[in-house]
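Trainee: Spelled out from the first residue to the last, the chains are:
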Amino acid sequence: MIRFEPRSETPVVLLVMMPVISACAALALALVILAFIGAPAERAAGLLLQGAAGSVFALTETLTRATPLIFTGLAAAVAFRAKLWNIGAEGQLYAGALAAAAVGSGAITLPPYLMIPLICLAGAAAGALALLGPVLLKARLSVDEVVTTLLFNFIILLFVQMMLEGPMKDPMGMGWPQTAPIIDEGMLPKLIAQMRLHAGILIALGMVVLVHVLINRTVLGFEMRAVGGNASAARFAGIPVTATLVKTGLISGALAGLAGVSEVAGLKGYLTSDLSPGFGYSGIVVAMLAALNPLAVAPSAIFIAGVLVGADTMSRSLGISSYFADLVVSLALLSVLIGSLFTRYRLRWIRAA
Amino acid sequence: MNATGSAVPPSPVLKLQGISKSFGALIANDAIDLELGAGEIVALLGENGAGKTTLMNILFGHYVADSGQVLLADGVGGWRELPRGSPQAGLAAGIGMVHQHFTLAENLTGLENIILGVEPWYSLRSNRGKAEARLAALMQRTGLAASLDIPVERLGVGERQRIEILKALYRDARILVLDEPTAVLTPQEAEGLFAAIRQLAAGGLGVLFISHKLSEVLALSDRLVVLRGGRKVADRPTAGADRLMIANLMVGRDVAPERPDKANPGEAVLELADVRAGAGRNAVADLSLTVRSGEIVGIAGVSGNGQQTLAAMVAGLEQPASGSFRLLGTSGDASPSALVARGVGRLAEDRHRDGMVGDMSMTENLVIERRHDQHFSRFGFQRRQAMRQATETAIADFDIRAPGPEAPLRLLSGGNIQKLLLARALTGEARLILANQPTRGLDVGATSEVHARLRRAAASGAGVLLISEDLDELFALSHRIAVMHAGHLTPAVDSAGLGISVVGLAMAGQAGPEFSGCSEPMREAAA
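Chains as they are written, first to last, in this note's numbering: chain A, 1 to 353; chain B, 1 to 527.
I should point out that these hints are in silico values taken from the structure, not numbers from a laboratory. It is possible that part of the hints are untrue.
Said to hold, decoys possible - So, partial list: chain A residues that the calculated Cβ filter (under 7 Å) puts toward chain B:
#1 W176
#2 A180
#3 L214
#4 R217
#5 T218
#6 G229
#7 N230
#8 S232
#9 A233
#10 A237
#11 G238
All C-beta atoms in this analysis are idealised placements derived from N, C-alpha and C, irrespective of residue type, glycine included.
Based on the provided sequences and hints, a complete structural model is requested.
Mentor: Right under this line is the structure:
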């Protein structure tokens with residue numbers, strides 16, 4: 001018989017190795033499934049690796065894909081630290097993207113050193129606003145934010161589609177539901193010639209450091225963690241719980257909004273309603289894989305992005321459905337959840353009596 | 001019953017043999033032997049961390065012992081080993097447990113709670129009639145009366161506890177384990193419980209009784225077993241033992257009996273007059289009370305009589321609906337942060353729920369109330385060095401046993417957690433201290449340290465409002481005592497002239513002439 005016994009403390013080695021082991025376990029399980037459907041597992045693994053990191057092109061593609069995931073991963077990590085279950089990063093991403101397109105596609109023209117910050121601010125503000133409603137509902141009327149943030153995703157996406165078909169439709173777009181392109185001054189510069197990698201990754205990495213400092217070094221971050229750790233003790237100690245939740249929500253929404261900005265103004269150049277293949281939801285996996293540690297969000301996002309990009313290559317070469325990538329990401333989330341069980345509990349085998 | 005060692009030894013029903021259990025380096029149980037006879041009442045004593053809980057968890061199959069056996073009499077003179085790690089096997093073998101925190105479904109009636117889990121899930125109609133008849137007979141036989149047909153949430157604690165016991169008996173328990181059964185009862189209710197337990201034991205039930213309260217142990221048990229540091233240090237008949245002797249056995253050193261120091265009351269630090277606040281069960285009315293600097297005022301009462309609301313007001317979590325409420329001479333902003341800034345130190349009643357963030361470090365928990373102090377933060381950034389130094393000072397001053405200032409607070413024992421929270425409440429110049437159940441769940445050693453701190457704080461000029469259910473504690477510390485019942489507070493009277501039974505009666509709503517004038521609010525000046 002197997003029993004779980006709580007650990008009084010967790011070895012640091014285990015805490016560090018848990019995500020790594022979980023990631024490897026997810027890949028191994030995925031290969032088992034590949035073998036099951038008859039694909040040559042060894043070749044598949046090679047293709048996956050090659051597609052994710054086998055060349056400069058592959059690497060830049062992985063980093064490009066990681067950029068929005070870092071933003072949405074940080075958005076989830078910040079919110080989850082305060083036990084604000086923001087499942088709405090997808091909607092906040094679109095809100096940010098919409099604001100970026102509204103400000104950046106010719107309405108205002110400024111030199112790049114002003115234009116880019118302006119677009120970023122607009123997107124961040126829109127993302128923050130998109131989360132404000134659910135947070136206030138939670139704080140004032142204790143409405144479950146899991147439900148509201150999730151449903152807001154659909155509302156915002158439908159709103160974006162409405163704008164794309166109506167007021168913000170590109171008159172030069174030959175009838176496609178898309179916005180006018182972001183003006184050149186507003187586009188994030190490419191980092192490497194001929195590649196798609198753009199300056200969004202630098203902003204993302206900057207945010208990783210900022211969020212790390214915020215959470216671990218500032219009084220506000222301390223208050224956020226205290227509210228997440230034990231809201232009633234936080235209230236007893238004089239921490240304004242509602243205000244802290246609102247601030248957390250604004251920061252989380254802003255980060256998710258920046259993901260939309262970076263996709264529109266860094267990669268695509270205009271907004272369509274298929275901008276994000278679920279970056280908002282994958283951000284949750286990224287944050288969980290990083291154990292909500294902001295510094296770990298970057299490697300975690302790069303890993304998930306590598307899986308997505310590598311699986312693309314692999315599925316094209318082997319003729320396997322590209323949903324395979326989603327499978328690996330889901331396996332990674334499950335592995336992390338199971339792995340975190342082992343950091344809190346010790347497994348004991350006992351002989352049956 | 002064979003309270004004073006009758007000639008016939010009880011036939012044993014339960015034997016624990018050589019139970020050992022360790023968690024990492026910590027040896028929680030070290031070769032413990034324990035025997036329980038039919039009809040015998042055995043008290044299991046020990047400080048927190050002595051190994052009582054571990055031993056009971058092994059008995060119930062929640063933990064698996066590293067070595068040793070749990071043996072049950074099979075009724076025909078032989079012994080049967082209880083399968084390890086199987087709570088179901090324990091239940092089936094007739095081990096019943098009444099937990100300190102009741103495990104009743106609040107929205108179900110007593111009857112439904114009792115038969116819950118006994119009826120097979122596939123049975124289409126429940127045999128309520130049969131169950132009712134059986135329970136009626138059981139209540140008749142044991143004297144445990146309880147109303148079975150109204151939802152448990154509408155019953156008082158004493159009645160809920162009787163339902164818990166009936167639940168165990170309904171499952172044909174031969175052995176009943178009671179974990180701190182009187183923690184929530186008035187002295188009168190406790191007496192009733194003891195009478196029932198004695199009757200059950202007379203009927204052949206083996207009772208294992210876990211308690212911190214030495215007077216109860218002496219009154220009820222036939223035999224007492226003391227654990228200390230995971231070992232059994234005493235196993236003797238209760239007859240001939242006394243309080244001080246048991247306390248010394250538990251702590252392993254001499255414990256001096258406590259008396260309050262001389263009071264030196266100064267100006268008023270807390271003044272309530274005709275305060276009304278709270279709602280429903282927690283409503284309070286006509287509260288009048290004054291606490292002066294240099295004195296400890298104790299509030300006695302069974303929990304749930306309005307102490308929660310009184311404490312919430314002094315902690316800054318609730319505002320009075322009417323009446324005059326003056327803290328440290330002003331009736332201004334009384335939010336938690338404003339109170340902390342003005343020098344009110346607060347200990348939460350439920351330290352795990354309101355006092356601490358278990359996953360955060362000791363350091364973070366220590367500075368949480370003063371996080372905005374110039375000393376601990378600058379421009380919104382925390383000054384970790386200063387924070388850590390403050391924690392190291394607190395660890396040294398308050399003799400806190402901990403792995404280090406960065407250890408998560410939840411890893412500490414209850415006593416050490418409370419010492420850290422006390423350090424937090426007493427830092428700076430605390431002029432009013434709210435000590436709400438300050439030693440609940442603490443062992444004898446930690447309790448006496450907490451008491452010493454509160455006395456010292458009062459001696460150096462702080463006013464202390466002590467809210468406690470533990471009468472021994474109230475009498476050991478308080479200069480004046482008031483009793484709270486059903487949302488009303490008696491005047492606070494000098495504790496020197498009060499008897500425990502008088503306070504007990506007032507806790508049950510029958511305040512005697514000692515608390516004269518409690519029907520109409522009396523001004524403190526008269527006290």
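Trainee: Each hint needs a verdict: does it hold in this structure or not?
Mentor: Hints and how they fare:
{"no.": "1", "hint": "W176", "result": "47 Å, violated"}
{"no.": "2", "hint": "A180", "result": "40 Å, violated"}
{"no.": "3", "hint": "L214", "result": "10 Å, violated"}
{"no.": "4", "hint": "R217", "result": "6 Å, holds"}
{"no.": "5", "hint": "T218", "result": "5 Å, holds"}
{"no.": "6", "hint": "G229", "result": "4 Å, holds"}
{"no.": "7", "hint": "N230", "result": "4 Å, holds"}
{"no.": "8", "hint": "S232", "result": "5 Å, holds"}
{"no.": "9", "hint": "A233", "result": "5 Å, holds"}
{"no.": "10", "hint": "A237", "result": "4 Å, holds"}
{"no.": "11", "hint": "G238", "result": "3 Å, holds"}
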